[in-house]
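*Asks:* Protein chains in written order, with this note's numbering: chain F, 1 to 147; chain P, 1001 to 1119.
In short, the hints are calculated from the structure, not lab data. The beta-carbon is built from N, C-alpha and C at its ideal position, and this holds for glycine as well. Possibly wrong hints are sitting among the right ones.
[What the hints assert, rightly or not] What follows is a list of derived Cβ distance ranges for each label pair:
{"hint": "1", "chain 1": "P", "residue 1": "K1076", "chain 2": "F", "residue 2": "T70", "range": "40 to 50 Å"}
{"hint": "2", "chain 1": "F", "residue 1": "G9", "chain 2": "P", "residue 2": "K1075", "range": "31 to 41 Å"}
{"hint": "3", "chain 1": "F", "residue 1": "N20", "chain 2": "P", "residue 2": "A1108", "range": "35 to 45 Å"}
{"hint": "4", "chain 1": "P", "residue 1": "S1042", "chain 2": "F", "residue 2": "G36", "range": "34 to 44 Å"}
{"hint": "5", "chain 1": "F", "residue 1": "K125", "chain 2": "P", "residue 2": "K1075", "range": "16 to 26 Å"}
{"hint": "6", "chain 1": "F", "residue 1": "S30", "chain 2": "P", "residue 2": "D1022", "range": "20 to 30 Å"}
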Amino acid sequence: MSSGRAIEGSFHLTGGDFTNAGAASSELKSILTNLGISLAIVRRAAIATFEAEMNVIIHAVAGVMYYQVTADSIKVILNDMGPGIPDIGLAMQEGYSTAPDWIREMGWGAGMGLPNMKKNSDEFKVDSVVGEGTTVEIVIRIKEESP
Amino acid sequence: MTFKEIVDILEAEIVLDSDDSDTEIQSVCSTDLMSDLLHFSSMPRSLLITGLANTQAVRTAEIADIKAIVFVLDKKPDKETVEMARQKDIAFIVTRLSRFTACGRLYAAGLRSCTGENR
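Only chain F is shown next, with the shape it has when bound in the complex (with noise of 0.2 Å):
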C-alpha cells in the first residue's frame, strides 16, 4: 500500500449478538487481505480482533471496534461498556474465564481470549475500569517482506 496514507474505520458490535459476532473481525480481515498485506500478519490480526470482539459481544453491552492501518501497522482499538475487568493480571492467565456455563456451550470461555490477543499483537494493552468498561489496544507492525 501507498506510504502516508492511513485507512481507517470502525464498526459498532452488539453485546449478546452471536448471530453476527465476529461480523467484524471478518469484515477487517477481508479488508487487509485485500490491502495485500501477507498472510501471516492478516491471519494474527485477525485472530486478535476475532477474540477481542467475541469478548464484547459475551460480556458487555456494546462497543466499538476502531481500525486503522498504515504502511508500518495495523491498529485496533475496541471500547465497550461493560462490566469492566476486576483483576487484568488474573484475566491474562491462560485457562482464567468468568464466562458462565451458556457461553462455554457455544464454544467460548476457555480463558484463552487475552492470551491469544497479547500472543497475535506486537503492543498491547488492557485498560479497564469496574462498572464502566473495557479498552483494548492491539498493534501489530507490518513488516517489509514479499506477499
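Following the hints, position chain P against chain F.
*Replies:* Okay, now just chain P, sitting in the frame of chain F:
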C-alpha cells in the same frame, strides 16, 4: 492427504463439497473450544474436527484459515451454519464417528496435529 480421502476414511456425508476435492489437507485440529483452536493452531490448510455444530465453528474456521470442518456424532448443522460456510468457501462434512475415533483414524492414516507436535 486430500479432502476426498478424508471423506472416505471418516465414512462421512458431504454437506458442502470442497471447490477442489483434491485439496491437500496438511494437519488436523480437534476441539470444541474455539479459543484453544485460535491459540494452538499454527498450520495452514487444516481440518477442524468438532462437536460444536454452530456458526461459531465456521466463523472461527474462517479466522484461522481452516479449509474444511467435520462435525462428529452425526450432528447436522442448521441452515444458517451451512450458508455461512458456503459464503466463506469452507467445506463441510458430517460423520457418525466420535471425535476420538475420527482423530484416531486420521492419525493412523498419517495426518498430524495443527499444533505442529509429533511431526
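*Asks:* Each hint: holds or not?
*Replies:* So, going through the hints one by one against the coordinates:
Hint check: K1076 of chain P to T70 of chain F, Cβ distance near 45 Å, so the stated range 40 to 50 Å holds. Hint check: G9 of chain F to K1075 of chain P, Cβ distance near 37 Å, so the stated range 31 to 41 Å holds. Checked against the hint of 35 to 45 Å, the C-beta distance between N20 of chain F and A1108 of chain P comes to roughly 40 Å, which is consistent with it. Separated by about 23 Å at the C-beta atoms, S1042 of chain P and G36 of chain F break the suggested range of 34 to 44 Å.
Roughly 39 Å separates the CB atoms of K125 of chain F and K1075 of chain P, a value that falls outside the hinted 16 to 26 Å. Judged by the Cβ atoms, the range 20 to 30 Å given for S30 of chain F and D1022 of chain P holds: they are separated by roughly 26 Å.
Comparing the model with each numbered hint stated earlier shows that hints 4 and 5 do not hold.
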